[in-house]
Structures are given as C-alpha cells and as structure tokens.
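Residue numbers (our numbering), protein chains in the order written: chain A, 51 to 245; chain B, 12 to 615.
Each hint should be verified, as a subset may be incorrect.
Subject to a maximum C-alpha distance of 27 angstroms in a straight line, what follows is the list of computed DSSO-like cross-link-like pairs (lysine-lysine) [unchecked claim]: (1) A:225 <-> B:570; (2) A:70 <-> B:14; (3) B:246 <-> B:166; (4) B:314 <-> A:70; (5) B:14 <-> A:106; (6) A:193 <-> A:171; (7) B:57 <-> A:225.
For the record, the hints were derived by calculation from the structure and aren't laboratory data.
None of these values were measured; they are calculated from a predicted model.
Here is how the chains run, residue by residue.
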Amino acid sequence: MSYNILLCGVGGQGTVLASKLLAAAAEKMGETVHSAETIGMAQRGGPVTSHVRIGKDAYSPLIPKKSADLIIAFEPSEAVRNLDYLKDGGAVITNEVCLKPVTESLNPTGYDGKEMVEYLKKTVANLVVLNADKLCEDLGSSKFFNVAVLGVAKGADFLPFTEEALIETIETSVKAGFVEVNKKAFLHGVEEGRK
Amino acid sequence: MKKEYVMGNQAIALGAIAAGVNVACGYPGTPSSEIVDTIAKRNVNKAIHVEWSINEKAAMEVAAGASYAGARCLVTMKMMGLNVASDALMSLAYVGVEGGLVVVSADDPGPISSQTEQDTRLFAKYCRIPVFDPSSVEEAYEMIQDAFEYSEKYKTPVLFRPTTRIDHAYGSITYDENACPKEIPGFVKNSKRFVIFPRLSRMNHEMIEKRNPEIGDDFSDYRFNVYQGKEGNKKAVLAGGAGYAYVKEYLQDRTDVSLIKVGTPHPFPERFLLNALKDVEEVLVVEELFPYLEEELLMLAGKKQLKIKVLGKHTGNSPLAGENTAEQVAADVAAFLGEASNETEGIESSDASGRPNPPMRPPVLCAGCPHRASFYAVKQAMKGRKANFSGDIGCYTLGNAMPLDMVDTCLCMGAGITMAQGLHWTDKETVNFAFVGDSTFFASGMTGIANAVYNEADMILCVLDNSTTAMTGHQPHPGTGMNMMGDVVNKISIEKILKGMGIEKVLNVNPLNLEEAKSAISECADAPGVKAIIFKSPCVALFKPTEKCVITDSCIGCKKCIREIGCPAISADGKTVKIDASMCTGCSLCAQICPTGAIKKEVR
C-alpha cells in the first residue's frame, strides 16, 4: 500500500497527536510508516504540518507535492495553503471555523475563512467541510476535534485502516484519563463521516 | 527486543543507550533537544549520568573528562552550539579520547528555527575528525552505535550530524530495552597524553593527518556508504542525509543511473567513490547547506585526474540555500537525466489561478506570556526617551513583532548584554536595555555582565525569568531547582549572582503588575552604571490557567488592547473586542491598560 496523509493547522491545534494516532494505526495494520512534524519556533501560532507516509516506497520524510491522498485541515486557510500537496482526485477534510492571525487584528484584511471554503468547494471534488465547534459540541471542548476528525475521515472511507485498529490505537496511545472521551470523539466523528 | 515508532531524536537516544552510553549531556537547541530528554526519561536505575549542562562548551568538557576515564559519552547540541563548544572540541581532537565520545550537532537547513545555515560536516573537516550523516530515522539508530565504535577504534571524538528532517521525523526501530551502560575502566593518569602542550599538538597533528586517509579507507567499506545502479552507467547522483531520501524517492530502485550515498562525509571515503564512479562521466550532487560533497568530489577528481563533470550548487544545478524539498530534488534530478518530471509538470500545470492567499501567520508570544508584559512595561516607561532594546535567543525574540516592536538587535546566545554595552559606548545619552531569558543568562549571560560592571558601562539588564527553557520544550536549568537525574537541587539565585558581581540596584518585579514594573524601570533608567530588573513570572505553557479575562458591556471599542499588546487571544469583533476564553490565561495585562475598565478577571 502507498498512502500519504497531510495534516495541517495552526500551532496548538493538536495535529501532532492526530498524526501519531494515524501512524500507530497503520503500524498496527502491519504497514511501514514514516512521518514528520513541525516543532520549534513555528509552533507559536504559526502554520504547522504533519506528513504521514504509509508504504515501503516512501523514502522522503516529506510528502512530495501532488502526492497526498488525503489532507486533513484544522483551519480552512491552511487547507488552501497546502493544496499543492493534494494529488489529482485526492480528498480534503477541512474545519470551516477560521483562526485569525494576530496580525489580522492589527491590519485587518477581512479574513474570515469563507473565501477559503468557497475556493475549496469549487476546486476539490472530494471535499468534506466540518464545523469543529458543532462537531465537538457534545464533547465539551473543540480541543477534541483532532480525534473526532479522524473519525470523520474513517466514516467517510478516506482511511486505509479498520475502525478497530484506530480504536485500539486510541486506547494504547492516549493518556489513561482521556481514553474514553477520545474514543467517544472518534466514534462521534465516524457517525458524522458516514453522513 | 522491542519495536517502537519513535522520533529521530528518540532513535538517536535509544541508539546511544544501546551502545552502552555512560554519560549524556548537552544544551537544548532545536532540532536536537529531545535526545537528552529521551535518555533522561529512559534512564533505568539512573545508571547513566544525564545532564543539561549550562552550555555546550561545559557539556563538551564534562564529556571529555568522563571519556578520559573510559566512559562512553554523548554530547548533544544544535549546530550553533557547536560554535560555543568548538574551543573544547578543537583541542580534544588533538588530544583524542579513551571512551567513545560522540558529539551530536543537529543542522537546521531552511533554517527553520535557527540563526544560520552552517554545516557541521565542514566543522568536522576543520577539526579533522570523522562525521556521520544519517539519511533516515532507522539509519540514525544504527549509525550512532557505529559512531561510538569508530570513536574508540581511532581514539578520536566523532561528530554525528542529523538534520531537522531526521531529528523530527518518525520511523520504526527495534531496540534492546534491557541495554545497560558499559563498565567504566577508570581514569589512568598520563600527563603526556592528557595535557595539551605545543609539542604534543605538533606530534598529534601529524598523526591525525596520516590517520585520516586510513579512516577514509575504512569508511570505504562502511555499511551506510552504498550505491545502486549497474556497471557502465554514465550518470550518477551523489547524495547524503535527507537529500539522499529525496533522490531515492524519485529514483526508487532504478539501475540505469547510479545513486551513491555517502554516510561519512569526512574523512571522504575515496576508494568507495572511485569504485562507484567507474565509467561515470557526469555527477549531480544533491545536498543541503554547504556544497560539501561537491567540493570533496571536485578535489578527488582533481587528485585522480578523473574525467568527470561535477554538477551541484557551484554550477547552478541545485539551490544555494534553504532546505531540499522532494519536488525540487525531483526536478533537479529529472533535468540532469533529461527527463520530464511528473512532479514539476504537475505543479506547473495545476491551476492555482483564482486561489485566495492564505493569511500570514508569523509566530507570536503565547496569550498570557509574561514576556509580553515585560516588554510592554519597558516600552511604556521609556515613552519619549531615546532607548535601545538589545534582544537575545529564546521565545522572547518574538518581542520584535508588531505591535510590541521591542527587539532592536538579536545576534547569538548572550550577545544582547554585551551589544548593549557596545551601543552605549557610541552614544551615552541613549538608555540601553538588554533582555535575556533565565536559561540564556546561565548559558552565556554572566560573562557579559561581568564585562559591563568591570568596564563601567551604563545599561539596564532585564532578566525575563520564566523558570524554564521554554522555546526548546521546557528543559530545567540551574535556576529551576531540578536536574535531569530527577533530583531536586539548590536553585542558583540570579539575584545573588548579579549582586555578587557588584550590581547594586537589582530589582525583582512581577511583570503582570504593570505599574510596579513601570516604576522599577523608570527608577533604573535614571541611575548610572549597571542596573538589573528580574521580571519573574512562570511560563504560561507550564500551568493550567485558573482565571480568564472577559469583556464587559462598558467596552467602547477603542481597541487599545489590540493596538498595543498584540495578544493572540484578543481579536476585533465588529465594533468591539472579544477574548478567546480557551486561550486566555487571565494575565490581565489588557485589563490594566483598558481606558474604561471594561475587562474583568473571572475564575475559570
């Protein structure tokens, strides 16, 4: 199998945990996995990406452009920023709730994410638009979006692993006190994704 | 044996543990910090001595001492830390080691989180010592163990240089979870060997120059210097490190062009290359940072009078700066082979017209960061006066961003303190501030302060003390009262150090109390000599906040809070302002500057 998933968002949104769960689930299925993270200066509110590469032929730590099977975006403009990575016919799942940079308050450009979502709708056939706040309403915090969105990806049939592998991964990878709520987030996401 | 999916830096740490490392030390720096962190976390029975040394030079010297006693030692740093450690390393290269000593110096092509794009491979050549250059996480795990072996075989310190894309990449490794540190033979005194004198240096210099070609020959059979391709190939690609991974991604298992990987850039494995390059007429060199392999190959071609065309950075066939990308390398290799590259064609033909521009997202100080309050207080207290603000390395370099705009200079670790003095000697009317974090203070700030006191400069030292090394992932330091062996230790008081150096005015303030901070700053600005203010408030990333600020109805929408402090939790909401409750820590800096008192603090 060869499958590339790019996760993108803004530092602090929880992309790293999501990419670790994906990698661990792929390993559980007996696949070779590599991934790469943004760590350091850029984490402080800057754009971050995680590249998850599944398959024996993936040597580069980063996904080459036009090679991502799936982009999971935690913020709509970050989906657009990374769109060159999507391969023809690839899928995009994006949160539509925008995160305005601090500079936006100082020098307003009118950025509200809507233009980004419109563009994605026009150009990506295989697109799922989510509202993180709504998706996570019953979970108590939109911080669980990172796990819920994996459920959506699974429910929408964009992930090459079984639901069981992902649930087992959550059980073994997430801190003990947070396993149940993350499982709930994941399963809630699966239901949403099926729609 | 245990299989685990780990970060490159964890793989390096586990490799060192597998090699029986006895002493692991270093100074934090992206992208190297997780190596020492990992060894400390996995230090069964505290059998390994693990420390964050106060700086890279101290780490190198601790390791040198332990190595003389036969211990296996690992020293870690980012590549600019190697500049600091180079005084010790350069001499150690002459003296040599007893126990294996491996210096990990992580390079940062891009640069992604660094001041320079320097290249550790060149440093190895300068020191005349071997260097290992892993091209994947899995290889890094194996190679670090080899590095210890070679270090002991040739009794020399060796460098090991991963790059960001190896350090922060993840892969699966299988390791022995029961590995133990080696027995330490103990220090055997031998002043003829361990005391560096000109005579010894002269002798060892010649020994080293004779030895290095032997190591190069040894490296010619090294398991990670490999090539693929069939005999008679006229074209070859030479690569190392992450660059190799990008080329391999493009070429996969093709044999019609040779792909040569050099895992040991110094000493150059000449015999291996001469063999791999038989019949080859044209070589494209793919590497990041310096054209190191390219120049070594040019030298080899000159030496052996090879009829070979070497293409790379010098010939405009690959980028001069910045990190490699999969598609750039694919395009360069495709152009070299005269092929159409899918990657480049695809990108060019993909329709990006009409695509909206995503907003810029420069990194910023966190919501509630006490550094923001410190900078703001100094800015307010100095309003209308001429003042220079010398910055330093850490999260607080981000104080340069608008609207704070409070970092006029930033050069290297500790430089703000000494540069403020230089600025003072050119213009005594301007008030000179130097901002330094607590970890940077211990790493390289103290000598600069002694310099200021001794030479009678006028300056105000602002220590931004958040009780941690925040930028690199919250490592402890001498002021925190914790060390990497898990012990609670005496905190070294920054205040006592400053007073001990003869600074009379040393004020402690809470930066989150704006008026208190401003009056301390004004008091210092009017006094002669060296003055110090310690802004004490813990890093917000270390604690779960218990309070938050909220906007009340009396907000008149003047947006002073947005215009003046640039907190990421505050944004414009039509005519008024809103505070993101999930980000706000309740630092209340905004509440203190609100002209109508419209911001209130609440318990979360």
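Verification of the hints:
no.	hint	result
1	A:225 <-> B:570	violated, 41 angstroms
2	A:70 <-> B:14	holds, 15 angstroms
3	B:246 <-> B:166	violated, 38 angstroms
4	B:314 <-> A:70	violated, 49 angstroms
5	B:14 <-> A:106	holds, 17 angstroms
6	A:193 <-> A:171	holds, 25 angstroms
7	B:57 <-> A:225	holds, 25 angstroms
Consistency with the previously given hints fails for numbers 1, 3, 4, ordered from lowest to highest.
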